[in-house]
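Number of protein chains: 2
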Amino acid sequence: MNSEDLFNNIKKKSSFLCVGLDTDYNKIPKHLLQEQYPMYEFNKRIIDATEDLVVAYKPNLAFYESMGTAGWMSLEMTINYIRKNYPEIFLIADAKRGDIGNTSNMYARAFFNNLDFDAITLSPYMGRDSIQPFLEYPQKWAVVLGLTSNDGAEDFQQLGMKGDKLLYEEVIRKVVSWGNTDNTMFVVGATKAEMLDSVRAIAPDHFLLIPGVGAQGGSLEEVVDHGMNRRCGLLVNASRSIIYKDGSNKFEIAARQAAIDMRDQMESLLKKKGLI
Amino acid sequence: MNSEDLFNNIKKKSSFLCVGLDTDYNKIPKHLLQEQYPMYEFNKRIIDATEDLVVAYKPNLAFYESMGTAGWMSLEMTINYIRKNYPEIFLIADAKRGDIGNTSNMYARAFFNNLDFDAITLSPYMGRDSIQPFLEYPQKWAVVLGLTSNDGAEDFQQLGMKGDKLLYEEVIRKVVSWGNTDNTMFVVGATKAEMLDSVRAIAPDHFLLIPGVGAQGGSLEEVVDHGMNRRCGLLVNASRSIIYKDGSNKFEIAARQAAIDMRDQMESLLKKKGLI
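Residue numbers (the working numbering), protein chains in the order written: chain A, 327 to 602; chain B, 327 to 602.
Incorrect hints may appear among the rest.
[To be verified] Below, computed lysine-lysine pairings styled on DSS-like, alpha-carbon distance capped at 25 Å:
(1) 370(B) x 491(B)
(2) 491(A) x 491(B)
(3) 491(A) x 466(B)
(4) 466(B) x 488(A)
(5) 599(A) x 339(A)
[Said to hold, decoys possible] Here are the computed distance ranges between Cβ atoms for each label pair:
(6) 330(B) x 555(A): 31 to 39 Å
(7) 410(B) x 410(A): 48 to 56 Å
(8) 487(B) x 600(A): 39 to 47 Å
(9) 573(A) x 593(B): 57 to 65 Å
(10) 410(B) x 575(A): 52 to 60 Å
(11) 352(B) x 361(A): 54 to 62 Å
(12) 403(B) x 506(A): 48 to 56 Å
(13) 406(A) x 574(B): 33 to 41 Å
(14) 520(A) x 573(B): 29 to 37 Å
(15) 412(A) x 573(B): 40 to 48 Å
(16) 503(A) x 547(B): 32 to 40 Å
(17) 406(A) x 572(B): 33 to 41 Å
(18) 555(A) x 362(B): 25 to 33 Å
(19) 520(A) x 523(B): 52 to 60 Å
By construction, these hints were calculated from the structure, which means they are not laboratory data.
Cβ coordinates follow ideal geometry from the N, Cα and C atoms, glycine included.
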């Protein structure tokens, strides 16, 4: 999928919502635990309840790996289910990988070939040869950490470099030169909405993946004011605030309502900006 | 395992060798491909042929994930095999993880509880709350990327910060203050041996995990001259130069010989430094 396809899906659905499938075995409603693959069954219900309201899903690999082989199998089944039933959905592996070239090649094979994700999140610390292998797959995306939404973002990302740039600005500036707007996105936390201005100064046309709206406290309106571009350029992720809105056996209904609320806000913001 | 146990194992085996289990399905000798779990069968033979010569094994997660569920199962079987037969071995998950706190908690559970690794490699980009969950497991280790052995290490790690430190120095300085010498190591590439001096100035007593000796071209003698401390303080990793020394059905013999050659060099360097 390229950036034009993604923008078209956003317009069609009046939504730039990405739902994070941070599926925690310990938070799955009890009635699903008797199933052979409870994580998959939970995901399937969340997906069926929200697919018309979202443009992307983002499984968080840690939650699947914490369950070993059964978790990996649940992940494979989830991807296959989405691919078969909702082929227009953009699929992001939230994996934060990044290693030397021959190892990054293996990760690219794991996530782009075997699992058929459209995109994977990557850590930039190891530099160009850790990112490059992911850029060589046509229609696939590297989603590189720029400025994250957690407290630890202050430890290194926001440190000043020689020449007065901050580290995250230097990261985004360099990574922009390695790829293009059809294969590279950046993660920029919603809790730092005013810093989106500095990101947009360096990467005006790139898509940004924005975590931190919802459970982590960021404001959607601020994100749009500081980050939206002429092709939207935003995928806003919400995980816990949607999938765990309600822990009962009616969790799908609550998740759908939470997604509708976000889609409605997004629709009005897209209209306000004249994009739909 | 704490740092004293590790040093004792180094003295007992006259070796600070870590063998990287970067097990590539496409490089496994043909006669093993008829087995149900060829990656596990390959690992088992490499382990049996080298366990008396090494203090650590380091499976590289990318290679297992690239094979999906079967790969994950091969990894679990490999860990169980080592734990059952060679309980003194130090086991490092080469995973380069790092995410917000609740996600890092999940990775810690995956690698320390479910898979019973002793240590995991981590990327520091997301800061303290991405590392902290791993430090809370007694007898377990966070192995944080400092200065890596690849070309891309120049892109960010070696950039100058305000105040004249380089980024990797700032990373190591800060991470040192989060943990201690019994739960924190740093990855420092052997291809940058002279930079080990700057690392030792900041972290004189920590263990360092050194990749890049062997296939990537670093010199063992230089690493020891610049990096060894009074409790050795080094785990030197070799992957391809040992496990793929020979691709025939006698690969175990060649792997053993390559490990003996390294152990012999290590023994003579440990003697030269007066540690055994």
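For this structure, which hints from the list above don't hold up?
Numbers 1, 3, 4, 6, 7, 10, 11, 12, 14, 18, 19, in rising order.
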